[in-house]
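Start from the sequences and build out the full structure, keeping to the hints where you can.
Given next are the chains, with one letter for each unit.
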Amino acid sequence: MLNALNTDNSPFNEQQIASLQSSLGALDPAQSMWLSGYLAGQLSAGGALPAQATPAAAPAGQALTILYGSETGNGETVAEALAARFEAAGQPAELQSLDGFRPAALKKLEHAVFVMSTHGEGDPPEEALDFFEFLDSDRAPKLDKLSYRVLALGDSSYAQFCEAGRRLDERLQALGAKPFGPRVDCDVDYDSPAETWGTEVLEHARETLGGGEAAAQPANAAHLHLVQAEPAPWTRLQPFSSETLRVQKITANASEKDVHHIELSLEDSGIRYEPGDALGVWAPNDPELVAEILDGLSIDPATKVTAGEREVTVAEALTEHHEITRLAEATVRGLASAGGQDTLAEEYEALDDAGQRAFIERRQLADLVAAYPFQLNAQALVDQLRPLASRSYSIASSQALVDEEVHLTVATLASDAIGTERRGVASQFLNHRVGEGGQVRVFLEPNRRFRLPENPETPIVMIGAGTGVAPYRAFLQELEARGTNPDAWLIFGNPHLRTDFLYQREFLKWRADGLLNRIDAAWSRDQAEKRYVQHIVAEQAERLDEWLARGAHVYLCGALQMGEAVTSAIADALVESRGLDAEAAAAAVANLRREKRLLKDLY
Amino acid sequence: MPSPVEIIKARSNYLRGTLEEGLADTATGTIAEDDTQLSKFHGMYMQDDRDVREERRRQMLEPDHSFMIRARIPGGICTPDQWLAMDEIASTYANNTLRLTTRQAFQWHGILKGDLKSSIQAMNAVLVDTIAACGDVNRNVMCTVLPELSSIHAQVCADATSLSEHLLPKTRAYHEIWLDQEKVEGTPDHEPIYGEVYLPRKFKTVFVVPPVNDVDVYAHDLGYIAIVEDGELLGYNVTVGGGMGATHGDPDTYPVLAKVLGFCTPDQVNAVAEGIVTIQRDYGDREVRKHARFKYTVEDKGLDFIREELAKRTGFELEPERPFTFTTSGDPFGWHESEDGLWHLLLYVQNGRIADREGAPHLTGLREIAKVHQGEFRLTANQNLVIARVPAAEKERIDALCAKYGLDAYAKLSATRLNAMACVALPTCGLAMAESERYLPDLVGHIEGLLDKHELSDEAINIRMTGCPNGCARPYLAEIGMVGKAPGRYNLHLGAAHNGDRLNRMTHENINETEILETLDGWFGQFADQRAANETFGDFVTRVSGEQ
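So the sequence lines, in the order shown, correspond to chains A and B. In case it helps, this note's numbering puts the first sequence at residues 212 to 814. In case it helps, this note's numbering puts the second sequence at residues 78 to 625.
Source of the hints: derived by calculation from the structure; they are not laboratory data. Because the structure is a prediction, the values reported are computed rather than measured. One should not assume that every hint holds.
[Unchecked claim] If you anchor each label on the Cβ, the simulated ranges turn out as follows:
(1) B:Arg130 to A:Asn728: 27 to 37 Å
(2) B:Asp433 to A:Glu740: 20 to 30 Å
(3) B:Leu508 to A:Ala465: 24 to 34 Å
(4) B:Asp329 to A:Leu456: 44 to 54 Å
(5) A:Arg544 to B:Arg515: 56 to 66 Å
(6) B:Pro468 to A:Glu632: 53 to 63 Å
(7) A:Asn728 to B:Glu592: 54 to 64 Å
(8) B:Gly418 to A:Ala465: 14 to 24 Å
(9) B:Arg130 to A:Glu499: 29 to 39 Å
(10) A:Arg544 to B:Lys194: 33 to 43 Å
(11) B:Glu592 to A:Lys720: 38 to 48 Å
(12) A:Lys720 to B:Leu161: 37 to 47 Å
Using N, Cα and C, we set each Cβ at its ideal position, and we do this for glycine too.
Pasting the structure below:
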């Protein structure tokens with residue numbers, strides 16, 4: 212792209228070209244995307260670009276610190292969006308990740324907001340672990356001067372909804388800090404509440420911190436590293452409609468797993484992704500499942516309902532706008548109460564926490580409808596259902612190799628349902644409903660936390676189970692296209708070698724070609740004793756430590772439990788190979804994380 | 078220049094290669110390509126399910142690799158305990174079937190790489206091994222299963238077993254790799270008979286007791302025809318240079334019948350074998366693998382050379398051959414009493430495949446028999462099975478079990494079906510060009526229809542089918558032989574002798590089922606009209622073809 216600057220009809224002089232090349236070349240794709248959107252937006256709005264690259268006058272008033280702890284990038288996106296609004300409003304703000312946030316800075320903090328994601332079973336994101344540990348410790352300072360507000364992100368279908376945000380909020384108050392507004396807990400449809408919260412935060416800042424109107428000019432590109440909006444133009448709320456190019460099952464027919472390789476076209480979307488990024492997918496619910504539910508409730512599918520601001524048929528509401536495959540606690544309770552099902556309420560409340568978890572995980576809406584004779588009209592039904600959420604998939608391709616395509620590795624989620632087997636909405640849609648030639652609404656979810664090392668010589672250890680292998684395919688495609696050849700080691704796990712080695716031919720070829728130095732696989736069901744990737748880490752402790760000594764980056768991708776098991780296996784490996792005690796090993800692992808050499812993409 | 082396989086053998090450090098590394102590789106169901114040549118010497122072939130090759134390619138999975146393991150069973154004899162262990166391997170590690178081969182061995186299919194060691198160790202626990210069951214060495218030594226004289230069978234079988242042990246490779250590789258036995262430092266391996274590159278090609282030895290030629294003595298590299306006079310084993314006529322394998326379209330490859338070289342006494346058996354094997358070791362073709370079988374060495378050098386060279390190596394000369402007669406190469410089904418008063422029941426096993434099929438749970442049935450049987454099992458060269466050494470008092474119980482598990486088909490099926498035999502072929506055999514085991518039973522049904530039409534239902538015409546020209550089911554010694562050419566297409570061979578002493582001839586090339594049946598219909602019509610008294614179908618075809 213940068214070479215185009217050098218062509219004969221380029222409008223730039225040599226000095227400008229050199230300067231542009233040096234600036235643009237340093238940008239990652241998301242940054243380039245932001246800049247192109249920014250420039251296009253400025254020009255289309257008829258606005259003039261700042262004539263010179265001199266910094267705009269710093270906004271008057273005191274800056275609000277926007278801190279975020281993000282695992283998959285959603286928290287980061289929300290925080291960036293808020294920073295962008297402050298910027299546009301000329302209101303001073305400082306965006307900062309909790310990753311590497313210096314505890315010493317905490318006691319100086321006076322005005323701050325926190326965007327805090329919850330990860331796994333109520334845990335803070337990895338990058339905020341140190342911060343939480345400090346906050347919980349005796350070293351935590353008095354925070355009398357701090358005025359703050361928390362936006363908590365979570366998913367109510369998991370246990371301990373928004374737990375990290377709640378913990379943060381409570382701890383800050385315990386340390387003397389004063390909230391300037393109530394904590395807002397967002398479910399997977401966080402856009403609207405997050406925006407409302409942001410508006411309130413911005414107004415509060417205007418009123419209490421000063422600044423605003425006076426300095427409406429955006430800052431120059433030097434601020435890019437601080438203020439990044441979503442890569443324009445396609446977003447979660449404005450997804451790109453992508454054509455499905457290929458749907459190919461990649462587990463053998465005898466496999467218990469139903470995993471498909473999906474190829475989507477990004478032609479003309481302008482979407483540029485990096486290995487490690489994820490793709491957000493909007494998938495409508497299965498019309499047959501919707502019909503089954505409505506039939507069970509004796510609701511006419513054509514009945515009009517109000518969903519959000521739209522008036523649509525109840526069938527469309529359930530197909531396009533509401534969750535029917537993933538239950539949440541509120542949905543169960545709401546349905547029981549609105550539908551006059553005391554039996555359900557009694558049964559559910561009689562369960563302990565684990566029982567309630569299992570109850571929710573093993574059922575879909577259709578199962579409840581089949582089991583309990585609800586008395587619900589169409590509107591009452593829709594009112595109890597959460598809005599439909601998008602699903603994320605780690606991208607399994609590199610654009611350096613596949614150009615305007617994006618590949619996904621999708622396992623059909625089969626719920627452990629009682630009676631009928633139920634499928635996950637997006638996995639079932641991608642694997643079995645959309646078909647080649649069909650359209651899928653997608654958007655990029657950048658994940659800067661899961662990138663190949665900057666140094667092309669740095670060894671990489673890629674640990675993943677099941678579809679967790681997806682980003683490693685992207686990594687190796689990228690290395691193949693770049694022609695760089697760092698030492699690379701794949702540790703993969705799945706039930707059976709014969710049926711479940713995803714992309715086996717490709718990985719074997721990469722090994723044969725020397726791009727991949729080693730493959731170690733744990734096949735959990737191929738022998739009497741179950742074997743998982745963490746067992747390989749344990750067995751290969753010496754080798755792993757030797758790779759670490761050479762500066763290797765270690766990647767973990769797959770299910771949360773796997774991530775935890777492998778992380779502790781790595782600590783044990785250090786105990787084994789370095790003779791450390793458990794505490795020192797844990798510290799060494801934490802250090803790897805801080806050095807960004809232990810990178811996780813877990814779900 | 079030596080053939081590529083010779084180089085692999087030479088570099089293998091007595092059959093080790095990188096087999097251990099390959100077994101430890103968790104990313105693939107394969108072993109290294111060069112090692113697939115070496116694994117044969119350890120009794121295993123790497124294969125894949127060819128039915129799913131294309132599907133798995135699209136699924137980005139490697140071919141569905143698994144291994145065929147063949148056990149060495151000298152004389153085809155095993156105990157009930159050994160049977161139970163073989164059965165256990167079939168149901169635990171293999172595809173739930175046990176395959177009896179045309180060379181009296183057990184074969185398992187579908188064993189995954191990760192289960193190879195467990196399978197070999199399970200065999201070892203009952204004193205069975207797979208050493209030299211395949212590969213360029215002397216393979217399983219065969220022996221006629223049902224002589225009328227049990228004392229002769231015992232003696233001949235003892236000679237066969239002794240020879241099998243004598244010619245076993247001596248490398249410790251098998252014990253190290255499969256049985257986890259310790260490597261003995263500082264004692265390099267040594268192969269006194271074979272040398273470090275073993276033989277140029279596979280080598281097959283059989284023992285036969287006339288008048289039954291069930292082992293097809295003429296189809297093997299080395300044969301011993303028992304000469305019995307007044308109930309006493311005098312010795313053996315030694316045959317050399319037989320072999321079935323050929324390649325389509327290559328006139329330099331062809332099946333050859335073994336020739337009698339002379340007579341030796343029982344105490345000379347091992348010396349003769351060692352002499353013959355070392356002649357092949359030293360004079361066999363190591364450059365062109367297709368020309369490396371002993372049959373070509375014998376043809377190229379001549380019988381006189383072999384005889385003289387053998388005398389030099391053994392220090393004695395063979396005596397002139399003794400007279401003998403063969404009547405049939407088929408199996409005599411049903412009960413037989415031997416001179417010691419024990420009984421032997423020869424059961425029909427369709428294509429040697431013992432499985433649990435609907436209405437015919439043979440695998441289960443034979444397991445139940447093995448649990449109560451006190452004698453032994455004998456695998457026949459026609460892929461059938463003998464429940465041997467049954468006391469008269471136990472016959473009824475064995476019969477009842479056979480009836481219960483559908484193992485009594487030998488008493489019900491047509492003589493032609495009982496004499497039909499197919500190799501494994503698709504989907505596991507890498508050499509197959511056409512179906513064989515999965516198809517022959519259907520084709521025999523059509524042939525039975527034709528025989529009925531011509532009122533020939535009682536004829537025991539032997540029919541053999543292979544999926545390729547390499548000849549595992551010895552199709553060139555069948556009265557009706559079919560050799561796979563392409564999916565659904567076969568070369569038709571007619572006119573071998575019923576006793577196995579004359580090869581058939583190819584009469585039609587590359588024909589399909591309709592053409593096969595039309596051709597046979599014509600021949601059966603002529604045979605019914607024009608046969609001489611007691612003339613067999615093979616003899617008839619040969620006589621009429623000669624007259625034309």
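Against the structure, the hints:
| no. | hint | verdict |
| --- | --- | --- |
| 1 | B:Arg130 to A:Asn728: 27 to 37 Å | holds, 29 Å |
| 2 | B:Asp433 to A:Glu740: 20 to 30 Å | holds, 29 Å |
| 3 | B:Leu508 to A:Ala465: 24 to 34 Å | holds, 25 Å |
| 4 | B:Asp329 to A:Leu456: 44 to 54 Å | holds, 51 Å |
| 5 | A:Arg544 to B:Arg515: 56 to 66 Å | holds, 59 Å |
| 6 | B:Pro468 to A:Glu632: 53 to 63 Å | holds, 57 Å |
| 7 | A:Asn728 to B:Glu592: 54 to 64 Å | holds, 56 Å |
| 8 | B:Gly418 to A:Ala465: 14 to 24 Å | violated, 51 Å |
| 9 | B:Arg130 to A:Glu499: 29 to 39 Å | holds, 35 Å |
| 10 | A:Arg544 to B:Lys194: 33 to 43 Å | violated, 56 Å |
| 11 | B:Glu592 to A:Lys720: 38 to 48 Å | holds, 44 Å |
| 12 | A:Lys720 to B:Leu161: 37 to 47 Å | holds, 44 Å |
Checked against the numbered hints above, the structure breaks hints 8 and 10 and satisfies the rest.
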